[in-house]
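Trainee: Residue-level listing of the chains:
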Amino acid sequence: MKNTTLLVEHLSASFFTGRGEIKAVNDVSITVPRRSIIGIVGESGCGKSMTARSIMRLLKYPGKIVGGSIRLMGKELTALTDAEMANVRGEEISMIFQEPMTSLNPVMKVGKQVQEAILLHRKITKKEAKEEVLRMFREVGISEPEKRYNCYPHELSGGLRQRIMIAMAMICRPKLLIADEPTTALDVTVEAQILELMKGLRDTVDTSIVLISHNLGVIAEVCDYVYVMYAGQIVEQADTFTLFEDPRHPYTKGLMASVKSLEDKNTVLETIHGTVPNLLELPEGCAFSPRCGEVCENCRQAQSLIEVAPNHLVRCYASKEVQHG
Amino acid sequence: MVTNIVKRILQTVLILIGVALLIFLMLRIIPGNAILTMMGDKTNPEAVERMTAELGLDKPFYVQFWMYIKGVFTGDLGTSYSLNRSVSELISTSFPNTVKLAIAAALVAWIVGIICGIIAAVKKNGIIDHLFMGVSLLGVSVPVFMVAMVLQYLLAYKLQWFPISSGNAGWVGYILPAIALGWNSAGSIARLTRSTLLEVLQEDYIDTARAKGYRQLYVIIRHALRNAVLPVITMMAVQLSSLLSGAVICETVFSINGIGRLAVAAIEARDIPLLQGTVLFSTVIVILGNLLADCLYSVLDPRIRKEV
Amino acid sequence: MEKKIKNTVEDGHGFRSVCYRLWKENKVAVFCALLIVIFALAAICAPLLTPYGYDEIVTDTYRLSQPSLAHPLGTDEVGRDVFTRLLYGARISLMVGIVPTIISMIVGALLGIIAGFVGGKADAVIMRLADIMLAFPSMLLAMVIMYTLGDGIINIFLALALVNWASVARIVRAETLKLKETEYVEAARSIGVSKWKIMMRHILPNCIPSLIVLFTLNIPSAILSESALGFLGLGIEKPMASWGLMVNTGRQYLYTNPWLSLAPSAAIMLVVLAFNFLGDGLRDVLDPHLKNQ
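For the protein sequence lines, the chains are A, B and C, in the order given. Taken in order, the first sequence gives residues 1 to 325; the numbers are from this note's numbering. Taken in order, the second sequence gives residues 326 to 633; the numbers are from this note's numbering. Taken in order, the third sequence gives residues 634 to 926; the numbers are from this note's numbering.
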């Protein structure tokens, strides 16, 4: 327990709209051990960002956490008042977002924006805070930190802005960093640098990272353990090596195949046919069944996570049969 | 930023000349003789001739315009025919009253408007929001003279809390006119504040600020408001024009000797120099206000500051 | 922009579909539309609704009589029935709301499209002219125009149209500049469709939702302007009845006969409010991106 930074159990979050309740996060359990990088992967709309926002308790209206528990270092976050939760944010959990272009306030100098984060949680003078910001800028690899300190966001490149965002998130040395598609908007070369940076920070700052991405390459690059999400549920979870070597859920297999066929120029591009289902009209039983190539009678029933190997869980009947066969 | 502002100033000068020309044209080249219009039925050939010479109306058009423009730049706006005093002197005595009224009204409008807009945005789709927005639409829809008269009737006449006429009543006299005049703008400012704030609250950097650990209220004050206020500033410049328009009515109802009332008096007395002077002066004020708002905008928004 | 074009195709701006969506999303707006229709009917059928004429002196014993069954809003200082004058005044107010707005919309839309599409010198001339018009406090400009032209309903139309065209031209120009960049206009240009045809066939139809919204929102402002002019004693020729003019004469009796000025004020407020609510509702349905202008 001591070595667990974050323990999410049976978390459910929904949007309440005029047309009904949309279960965007449905009974999700995630364990983040200390100093680990956990990946959450899935197509857009599968609920991975909602999961992240639920952990931060930053759901946008009309989203709401409806059940489950979120424990950070043993502290139950769902039980905190709004004010207490605000104190946790930035101090104990930080988050960086997908769009470094729009995630910084356009009318404020970036240095000030980072400084705010530390002034908010530490009783230090402005001067000390500025020193701390400059030190952090150096740590995240920003050259000429003094000059950058006085820049406005529109004057910086996407990669620099994301570094600023990381500096802002890490300045209070939080226990947990949630990165929601941190490199999606960046060039491939910049992406690699940012991922390296995050890996390095995990060790120097002693923080755990939850990395959300739709890009399996990014996940394979940095994560220790991966959760695959589909339609608000976790459909498979395993350590990175196992997941890529031995994917069991048809959805995971499909994801892998579409990446592999990209690498191999001779094969036809493989895709998972169909699109992400409308969360208001989910099929009975397995949510993936309408798109699944191996669908059978059993898929009409609700599926539960089955442990097919130690620490490898799959939400599919068929995976069990493979085991027995 | 500097080239931008210089460009804007040059543009303003162009507009100023256009405005002066337009007012001049509208008042001089009217069907029939300007003098006859001015003097109405009491025509007396000798007086007409004297007036014509005095106003320079016997000279060619371009000479008239040149004399007029020269006058404008030396602060000489001619002599009021009905009040027999210099127009610039009349304006300089009445303008401070209009300024007082406009500032008081603007304060009412901005304070009420911005606060109501913020509350409505924060309580989006709640009862308060719907109520505020309904009331603000009412604010936009009620004629200034109606608010003025209702206030005058109820608070000044029936309850006698305020003086009926504001002319010599000191600052107390400006309370009702300011509410009447500000009421209108408050509605539109509240609506604009609400919609821009709602838009800004959807921005990603608001999430960033919250992720840092700011509470909702601080997020709004420190991060959202400054971005939301930018369009509101442009609005203020537009409001200046409508404040001056409304001041004409308000000053008439509450007998404030301001520039609007001067314009009305000029029309009633068919006093062309006075009308010309008051309209030109008010328009220049609006134009300068717009220029100021533009400069302020570019100072407040670093994205524009660095452009061009 | 792409989204907007999709809207035009998919959701449709047909009269029935707009009415349906308005009804679904904003019942107040529909109610306001009904109110406007009622006002319009009352204005048109005025002679059927009241036995008196608008300048008929109905009493000479008590000129400023209090409301009674025969005269639901009393009589004015000359002895005319206030309710009758209110009905006839609705004609003026609605006409003054609609006619100059139509004129200014047509002129503004044409000039705006030309400025935006042709660009260059035409753009510069039109927009500087618009800047000059917009620099005036609208009330003072209208006052000067009325002073120059003299009283009369046609002159009011002219004055208000002159005051309002510039803002329409500005909005339409901005819209045109955006539309000019779209693929289908580029495509039309590349196959050699004439400028005039592109403006009329491709650009104008796409401006129409904004124009409808602008139309409903400019009507109340025109009504307000006329009433303000009337309040100052400028505007239509007496003894015709206009709400603003009724307030102007009634104001002298504010303390003894307040309804004399407050009844027409309330009528103005109701009509303006109805148009504003309707315009707001239409904007949400037709053209959400106009919201911040």
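Accuracy of the hints is not assured; some may be wrong.
[What the hints assert, rightly or not] Mimicking DSSO-like on lysine-lysine, the simulated pairs with C-alpha atoms at most 30 Å apart in a straight line are:
(1) Lys130/A <-> Lys175/A
(2) Lys384/B <-> Lys23/A
(3) Lys130/A <-> Lys147/A
(4) Lys147/A <-> Lys64/A
(5) Lys813/C <-> Lys449/B
(6) Lys332/B <-> Lys813/C
(7) Lys60/A <-> Lys657/C
(8) Lys126/A <-> Lys175/A
(9) Lys660/C <-> Lys449/B
(10) Lys199/A <-> Lys75/A
(11) Lys425/B <-> Lys483/B
(12) Lys60/A <-> Lys830/C
(13) Lys175/A <-> Lys123/A
(14) Lys657/C <-> Lys23/A
(15) Lys60/A <-> Lys448/B
(16) Lys449/B <-> Lys64/A
(17) Lys109/A <-> Lys64/A
(18) Lys830/C <-> Lys754/C
(19) Lys871/C <-> Lys830/C
(20) Lys175/A <-> Lys60/A
(21) Lys332/B <-> Lys754/C
(22) Lys64/A <-> Lys425/B
(23) Lys126/A <-> Lys23/A
(24) Lys332/B <-> Lys109/A
(25) Lys127/A <-> Lys175/A
(26) Lys199/A <-> Lys112/A
(27) Lys332/B <-> Lys60/A
(28) Lys75/A <-> Lys175/A
(29) Lys64/A <-> Lys23/A
(30) Lys199/A <-> Lys109/A
(31) Lys811/C <-> Lys332/B
(32) Lys75/A <-> Lys147/A
(33) Lys126/A <-> Lys112/A
(34) Lys811/C <-> Lys448/B
(35) Lys448/B <-> Lys660/C
(36) Lys754/C <-> Lys64/A
(37) Lys448/B <-> Lys23/A
No wet-lab data here; the hints were simulated from the structure.
Trainee: Take the hints in turn and mark each one as holding or not.
Mentor: To see whether the hints hold, each was checked on the structure:
1. Distance hint between Lys130/A and Lys175/A is fulfilled; the C-alpha atoms sit about 22 Å from each other, no more than 30 Å.
2. Between Lys384/B and Lys23/A the alpha-carbon distance is near 83 Å, which puts this suggested pair outside the 30 Å criterion.
3. Restraint check for Lys130/A and Lys147/A: satisfied, since their Cα atoms lie roughly 13 Å apart, inside the 30 Å limit.
4. For a cut-off of 30 Å, the pair hint linking Lys147/A to Lys64/A is broken: about 42 Å separates their Cα positions.
5. Between Lys813/C and Lys449/B, the direct Cα distance comes to roughly 36 Å. Violation of the 30 Å bound is thereby established for this hinted pair.
6. Pair hint Lys332/B plus Lys813/C holds up; C-alpha atoms about 26 Å apart against a cutoff of 30 Å.
7. For the hint pairing Lys60/A with Lys657/C, the CA-to-CA distance comes to about 25 Å; that is within 30 Å, so the pair holds.
8. Restraint check: the Cα-Cα separation between Lys126/A and Lys175/A comes to about 24 Å, which is no more than 30 Å; the hinted pair holds.
9. With a CA separation close to 19 Å, the supplied pair Lys660/C and Lys449/B stays within the 30 Å bound.
10. Note on Lys199/A and Lys75/A: the hinted pairing holds, with a Cα-Cα distance of about 26 Å set against a maximum of 30 Å.
11. Under the criterion of a C-alpha separation no larger than 30 Å, the hint pairing Lys425/B with Lys483/B is consistent with the structure, at around 26 Å.
12. With a C-alpha separation of about 46 Å, the suggested pairing of Lys60/A with Lys830/C is violated against the 30 Å cut-off.
13. Between Lys175/A and Lys123/A the alpha-carbon distance is near 19 Å, which keeps this suggested pair within the 30 Å criterion.
14. Taking the CA atoms of Lys657/C and Lys23/A, the gap is near 26 Å; set against the 30 Å cutoff, the hint holds.
15. Distance restraint check for Lys60/A and Lys448/B: the Cα-Cα separation of roughly 14 Å lies within the 30 Å cut-off, and the hinted pair is therefore satisfied.
16. Among the hinted pairs, Lys449/B with Lys64/A is consistent with the structure: their alpha-carbon atoms are about 17 Å apart, no more than 30 Å.
17. Proximity of Lys109/A to Lys64/A is assessed by CA-CA distance (about 33 Å); at most 30 Å being required, the pair is judged violated.
18. Taking the CA atoms of Lys830/C and Lys754/C, the gap is near 21 Å; set against the 30 Å cutoff, the hint holds.
19. Between the alpha carbons of Lys871/C and Lys830/C the distance comes to roughly 47 Å, so the proposed pair goes past 30 Å and is violated.
20. The suggested pairing of Lys175/A with Lys60/A holds, with an alpha-carbon distance near 24 Å, which does not exceed 30 Å.
21. As the CA atoms of Lys332/B and Lys754/C are separated by approximately 18 Å, the hinted pair is consistent with the 30 Å bound.
22. For the proposed pair Lys64/A and Lys425/B, the alpha carbon gap of about 50 Å is over 30 Å, so the pair is violated.
23. Distance hint between Lys126/A and Lys23/A is unfulfilled; the C-alpha atoms sit about 44 Å from each other, more than 30 Å.
24. A threshold of 30 Å between alpha carbons decides the hint, and for Lys332/B with Lys109/A the separation of about 27 Å falls inside it, so the pair holds.
25. Restraint check: the Cα-Cα separation between Lys127/A and Lys175/A comes to about 25 Å, which is no more than 30 Å; the hinted pair holds.
26. Only pairs whose Cα atoms come within 30 Å are accepted, and Lys199/A paired with Lys112/A is accepted, the gap being roughly 26 Å.
27. Our distance criterion of 30 Å between C-alpha atoms is broken by Lys332/B and Lys60/A, whose separation comes to about 43 Å.
28. Annotation: proposed proximity of Lys75/A to Lys175/A holds, straight-line Cα distance about 12 Å (limit 30 Å).
29. Restraint check: the Cα-Cα separation between Lys64/A and Lys23/A comes to about 10 Å, which is no more than 30 Å; the hinted pair holds.
30. For a cut-off of 30 Å, the pair hint linking Lys199/A to Lys109/A stands: about 27 Å separates their Cα positions.
31. With a C-alpha separation of about 24 Å, the suggested pairing of Lys811/C with Lys332/B holds against the 30 Å cut-off.
32. Only pairs whose Cα atoms come within 30 Å are accepted, and Lys75/A paired with Lys147/A is rejected, the gap being roughly 40 Å.
33. A hinted pair counts as satisfied when its Cα atoms are at most 30 Å apart, and Lys126/A with Lys112/A qualifies at roughly 10 Å.
34. The suggested pairing of Lys811/C with Lys448/B is violated, with an alpha-carbon distance near 34 Å, which exceeds 30 Å.
35. Of the supplied pair hints, the one linking Lys448/B and Lys660/C holds, its CA atoms being roughly 21 Å apart against a limit of 30 Å.
36. The straight-line distance between the Cα atoms of Lys754/C and Lys64/A is roughly 56 Å, outside the 30 Å bound, and the hint therefore fails.
37. For the suggested pair Lys448/B and Lys23/A, the alpha carbons sit about 25 Å apart, so the restraint of at most 30 Å is met.
Of the numbered hints stated above, those contradicted by the structure are hints 2, 4, 5, 12, 17, 19, 22, 23, 27, 32, 34, 36, listed in ascending order.
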